[in-house]
Each structure stands twice: as structure tokens, then as C-alpha cells.
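Asks: Given the structure of chain E, go ahead and fit chain R onto it with the hints provided.
2 protein chains.
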Amino acid sequence: MANHEFFDAGDVALQSGAVLPATRIAYRTHGRLNAARDNAIVYPTHYSGTHDSNAWAIGPGMALDPEVYFIVVPNMLGNGLSSSPSNTGAPHDGPRFPAVTVRDNVILQHRLVTERFGVDTVALVTGHSMGAQQTFQWGALFPEMVQRIAPFCGSARTSRHNWLFLEGCKSALLADAAFAGGDYAAPPILGIRAFARVYAGWAWSQTFFRQQLDRERLGQSSLEAFLAQAWEPSFQAHDANNLLAMLATWQAADISADPRFDGDLPKALAAVTAKAIVMPCRTDLYFPPEDSEIEVAQMPNAELRIIPSVWGHMAGGGINPEDAMFINAALKDLLAR
Amino acid sequence: MANHEFFDAGDVALQSGAVLPATRIAYRTHGRLNAARDNAIVYPTHYSGTHDSNAWAIGPGMALDPEVYFIVVPNMLGNGLSSSPSNTGAPHDGPRFPAVTVRDNVILQHRLVTERFGVDTVALVTGHSMGAQQTFQWGALFPEMVQRIAPFCGSARTSRHNWLFLEGCKSALLADAAFAGGDYAAPPILGIRAFARVYAGWAWSQTFFRQQLDRERLGQSSLEAFLAQAWEPSFQAHDANNLLAMLATWQAADISADPRFDGDLPKALAAVTAKAIVMPCRTDLYFPPEDSEIEVAQMPNAELRIIPSVWGHMAGGGINPEDAMFINAALKDLLAR
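If you're matching them up, the sequences are chains E and R in order. In this text, residue positions in the first sequence follow my numbering: the first is 1, and each later residue adds one. In this text, residue positions in the second sequence follow my numbering: the first is 1001, and each later residue adds one.
Treat the hints with caution; some may be incorrect.
A short, non-exhaustive set of chain E residues, derived as facing chain R with CB atoms under 10 Å [unchecked claim]:
1) W56
2) G59
3) S159
4) R160
5) L164
6) C169
7) S171
8) A172
9) L173
10) A175
11) A196
12) W204
13) F261
14) L285
15) P288
16) E290
Selected chain E positions facing chain R (in silico; Cβ < 8 Å) [stated by the list, open to error]:
17) R111
18) L112
19) F165
20) G168
21) G201
A few chain R positions that, by computed beta-carbon distances, are all more than 12 Å from chain E [to be verified]:
22) T1050
23) I1107
24) D1120
It is worth saying that the hints were derived from the structure and are not from the lab. Bear in mind that the values here come from a model prediction, so they are computed numbers and not experimental data. Note that CB positions come from ideal geometry on N, CA and C, so glycine has one too.
With the rest of the complex left out, here is chain E (with noise of 0.2 Å):
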């Protein structure tokens, strides 16, 4: 049962020079939205997630109270509900589909925020990894707009070991010929698969798998077990040209990639001048807490929050209760600022 509505955007100038015809924005909204409007949350999707993805920061008590906020929750395009290779037709559609940045995504939900619901302020824009990216973005961009941000496990720019990591997942991915350029007649199952083991040295810790919490919170018997019968499932359940344009935006992801800054980082960063917590996992193997701490450095109304969580990136992802509630703390003390 779909439980979500969408944006039609018409055809789209992307930051490429390309575009994008008939381009659509599903989200989900939580709560209602008051008669000062001001009241609104933006909070994007992560890698290969979905709205539903983002559930779990959502309720009654928590900080994104739909009692009290309006949330938004919108898509990233080429998760296969937004625009995507999979749903657009030729001549777009799965390898033809364009190169879509994070930029071209916040825009796209500054159109839904404001041609949509008449937002005009926005008290929290959050996210959690590529979530947290386009977080940076709609601080970089909006900066009149924007009251606060609280991006989790994620960087204003994508680092150089970050882009290598996927570009390792990216590689798994290509080595399967079921692939075909992006043509393939069913999916690429050998590629995906691999492309999932791949990954999943990445998203945890070392300490995690050190301590056998696969085992005790994921409940699975085996790290083989824990691969073939929850990990790969996840992943084999997208299409692969989705898989592979979400992570193309991922590794251009560039706050500073915009006339306004010309590729200067620090730029970019001190214009974001947002109330920020900026919270990164002590153990995160790809958005490592290093990064965040110079980025939070050049930003002039920031500050950094460590997640003190051996779950690596995945802290960020709802599924270990304590670092949930630290997220779902500091959203409240930012909220309350």
C-alpha cells in the first residue's frame, strides 16, 4: 500500500546542463503544517532507502513529532520511487538516465516545500548519510531558509576514500556481463550480490563484528548467514541502475560545486549559517568522524556531536536503540535553540 503522494516537477534543467523530462518527487509527509508555516521539517532519504526508511525518528515524543512539526520526507531521485532509471522512459531510462547531483535533488525539494505547501521557513532540515549530504546542501543553499540542520553520518563533500570505497561496490557491480551496460534482461544477480558483500564491510565496524553483535542484534547465526539471507536480500530487492545513479550523486556529492562557492570548501561551509549538530559515528568507516570535525570547524553556528557507537555507519540508521535516542536527543536541543 503506497503511502506516499508525489511532486510533479515537470521537465528539469539539472545541474549537468541536462534534462530531465516530467521529473517526480515522491514523499511522505507526517503531521500538519500551522497557520504560521513554520512549522516544517525537511527530511531526506539515504542511500537505497526509501521515506519508510525514515520511520523510525518519527512519533508522537520523539523530536520529529508530527504533532507538532509538519515533516517531509522526500525521496532522493533514482530510488525507484523519485525519478529513476527504473521508472522513466526512453529516451531516459536505465543506463540513459542522467546524471542527477545532490543539489539537483535539494532544489527539487525547495520546489516541493515552497510551490506545494507554501513553506517559507524551514526549522530543521536533518538526514542521515546521503540524507545528511543533501542536509549540508539545503544549508548551503537556503541559508535565509534554513533555521537549523542536523546532518547525521554524512559529509558536505564526499570524501576521496569515500568515493573510493564505492566506487569498489560500483566495480563488484560491473564485473557481473548479466549487467550489459546497463541493458540487462533480468537483473545482474551475481553483480548485486557482490556489490552487497562489498558494502558490508563498510557499514559496520570493526569492533561491531568484533563483539558478535551481528550475531546478538542482528540474530542471525553466521556472518555468512547474516549475508545471504538478510544483507544481499536488501539489495537485490533494487534495480541496478538505480543502485549505480544513487551512487554516481553520492560520489560527485559537493556542497562547494555551485558558482557561488567554485569549488571552495570553506566557502561553501561558512555560508551554511544554520544552527547545526553535526553528528557523525565515532566508528563510521566511510563518513569517519575526522571529516565532520574540519567541517564543523568552517561552519560559523555548528557543532559536533559524536556518536559514541561501535555501530559504525549504521548508527545512523534507526536500528540500535541507543544511538536512535542520542540522535533523537540532540535533534531536541537543536529544536529547542
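Replies: Same frame as chain E, but now just chain R:
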């Protein structure tokens, strides 16, 4: 020009119960065995390396001084010089090559130094990565014979996270249908390329790439150039079955997999009575220093000495002079004890 010799070990009963016929160990020696036959050093090779990969640590004035010591560098089974899938005849050729363990390697190395050279005491065993795993294995198997061990960037047992990293590399190679279950007519180029790209994200640290040391120190214009022109070719030089055979040895590495220890790693570590300096690199992503710290705490005569480098696992590869000198100094300290 070959600079190595062979030790023919005949038909060898492996730890698995299988028999590998006409097993050969390729090795190189440096220096001369003294009259007392007490100046031998064993320095096994690392994953995908050969005796030449170890040459950086050997030389006049270095800790491993061939004017003082008799240094034996045995090549690991599966590396293409010692018995390997690529050089073994039917019915043990290619993917039919039996699984070999670190223990199998060390028992053969023990036969090499005792049967060929009449050595009954070893001044030092040292090695990088899987070479370190063989070093730990020497210490556990032959405590009366081994006076000192200096494993660097390695562990006594492959951690679960390390296993997972390797599983990702393996899956990337197996995603290439040209691998054909190991009976390929031509090398599975796409698969080995993917294997290399996956591996690249793990070999250094996040900080290494943040500081752009790949550009400054490896002399590459971009990450893509580095991958395509240097890193991939170094793996393309290897036979795919050989890469997988050594990987299986690595995934299964465990000094406690021995009837004396019955899987009890603390018991096995307690049996390593040699004077030891264990050197993880502070930023190693798959042999992290925490694992070494735990192992050292269970060894009776071991010192933990962390390599203070951002080169990650490659700190032990001899490329970075600071790290090479750090290791060399530790080896000198240990040999003086």
C-alpha cells in the same frame, strides 16, 4: 631472472586431510648460516607477494643484515612460485588445488630450514600481514625453536571483520562469469579489476587519502589514474585461482586451529613464549590495533608497538620510509634482547 631456489617436500598431508603431491616451496636466502647455526631468520611473504616483496627490509646496516644473519624468505603456497593452483598439475590444478592453511605453510617452512639447512634454532621470525600470521603460527607451533617474533600488520587469527572484507573482494572476482568456476580459458579481467578496486579502499587509511598522499607519495595524478595504471595491473599480474587460494588461507588463519589448543585462542597465544614485538599500524582498516592489543595481552613475552602512521595496512609494505624505519628499529631492539 630467477633469484630463488626450491625445496621439494614431496607429497604433503595438509591440515585439511587432503594430500598435495610433489609440493614445492620457493625461497630465497640472504647471508650465510654461521657455524653455530644460530643466526637464522625466517621472513615469510604476504598476500600476493613474493620473496622480492620482502627485500626492502633486508640489507647491510638494516636489522635484517645479511652480513650478520642468514635470512630465509619462503614464498607462501598459492603465490605462483611455491605450489599453487597455477603451477600444479591435474588433478590438483586450478580450482581443484586443495585448501591450505597458514599452519600448512609453516610446517613446510620448518621442514625447509631444518631438513635443508640443519637449523634448530631461529633467532627471529617476522613478516607483514599474512606474513605476520605465519609469524604468529611459528611462535605457536615451535615455541622451543623460535627465540623472537615480530609480526607487523597481522593477527594470530583472522578477525570476523577481516573475513568480511576478504569476502567482498572474493565476491567481486566471482561476479565475473569469465572466471568459469576457476576453469577460465583467459584471465577474468573484469573480475580481477573489481577485486583490485574493492581492495584499494581497504589498503590505506581514510586520512591517507584526505591528505592526498596517493598523489604526493605514490605519484599519481588522480585516484582513477592510480587505480587504472598502478593498482589494477599489480593484481592483473596474478592468476585468479592463486588470488583465491591465498585468500582462503587468510580467511581461515587461526593459530588455535590445532589439536593442542582446540580453538582456544587465549591458550594458543599463551603458548607463544618467544620474545615478541607486535606492530599493528594505528590506521590499519583490517588488522586494526585493537585486535593486536587484545592478542598481546594474552602473550607472555610480548610488547605492543603501534606504527604511528596514516598509511594504514600499507605501513608494513616498505613503501613509506618512515614506517620502514620504525619497523627496522623495532626489529633491531628485539634482536638485541
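Asks: State for each hint whether it applies.
Replies: Cross-check of the supplied hints:
1. For W56/E, the interface hint is violated, the least distance from its beta-carbon to any beta-carbon of chain R being 25 Å, above 10 Å.
2. Checking G59/E against chain R: minimum C-beta separation of about 33 Å lies over 10 Å; hint violated.
3. About 6 Å separates the beta-carbon of S159/E from the nearest beta-carbon of chain R, less than 10 Å, and the hint is met.
4. The closest approach between the C-beta of R160/E and any C-beta of chain R is roughly 4 Å, which is under the 10 Å cut-off, so the hint is satisfied.
5. Checking L164/E against chain R: minimum C-beta separation of about 5 Å stays under 10 Å; hint holds.
6. Proximity of C169/E to chain R holds as hinted, the smallest CB-CB distance being about 8 Å (cut-off 10 Å).
7. Taken as an interface hint, S171/E checks out: its beta carbon lies about 4 Å from the nearest beta carbon of chain R, inside 10 Å.
8. Among the interface hints, the one on A172/E holds; its C-beta lies about 4 Å from the nearest C-beta in chain R, closer than the 10 Å criterion.
9. Taken as an interface hint, L173/E checks out: its beta carbon lies about 7 Å from the nearest beta carbon of chain R, inside 10 Å.
10. With its C-beta approaching chain R no nearer than about 4 Å, A175/E sits inside the 10 Å limit, and its interface hint holds.
11. A cut of 10 Å between beta carbons decides the hint on A196/E: the least distance to chain R is about 8 Å, and the hint holds.
12. For W204/E, the interface hint holds, the least distance from its beta-carbon to any beta-carbon of chain R being 8 Å, beneath 10 Å.
13. The closest approach between the C-beta of F261/E and any C-beta of chain R is roughly 20 Å, which is over the 10 Å cut-off, so the hint fails.
14. The restraint placing L285/E at the interface with chain R holds, with a minimum CB-CB distance near 7 Å, inside the 10 Å limit.
15. A least Cβ separation of about 5 Å between P288/E and chain R falls short of the 10 Å threshold, and the interface hint therefore holds.
16. Restraint check, E290/E versus chain R: the minimum CB separation of about 7 Å is within 10 Å; hint holds.
17. A least Cβ separation of about 34 Å between R111/E and chain R goes past the 8 Å threshold, and the interface hint is therefore violated.
18. For L112/E, the interface hint is violated, the least distance from its beta-carbon to any beta-carbon of chain R being 34 Å, above 8 Å.
19. The interface hint given for F165/E holds, since its Cβ lies 4 Å from the closest Cβ of chain R, which is under the 8 Å cut-off.
20. Of the supplied interface hints, the one on G168/E holds, with its beta-carbon coming within about 4 Å of a beta-carbon of chain R, less than 8 Å.
21. Nearest Cβ of chain R to the Cβ of G201/E: about 4 Å, under the 8 Å cut. The hint holds.
22. Chain E leaves T1050/R outside its interface by the beta-carbon criterion, the shortest separation being 25 Å against a cut-off of 12 Å.
23. For I1107/R, the condition that its CB be more than 12 Å from all CB atoms of chain E holds, with the nearest at approximately 28 Å.
24. The beta carbon of D1120/R sits about 38 Å from the closest Cβ of chain E, which is more than 12 Å, so the claim that it is off the interface holds.
Comparing the model with each numbered hint stated earlier shows that hints 1, 2, 13, 17, 18 do not hold.
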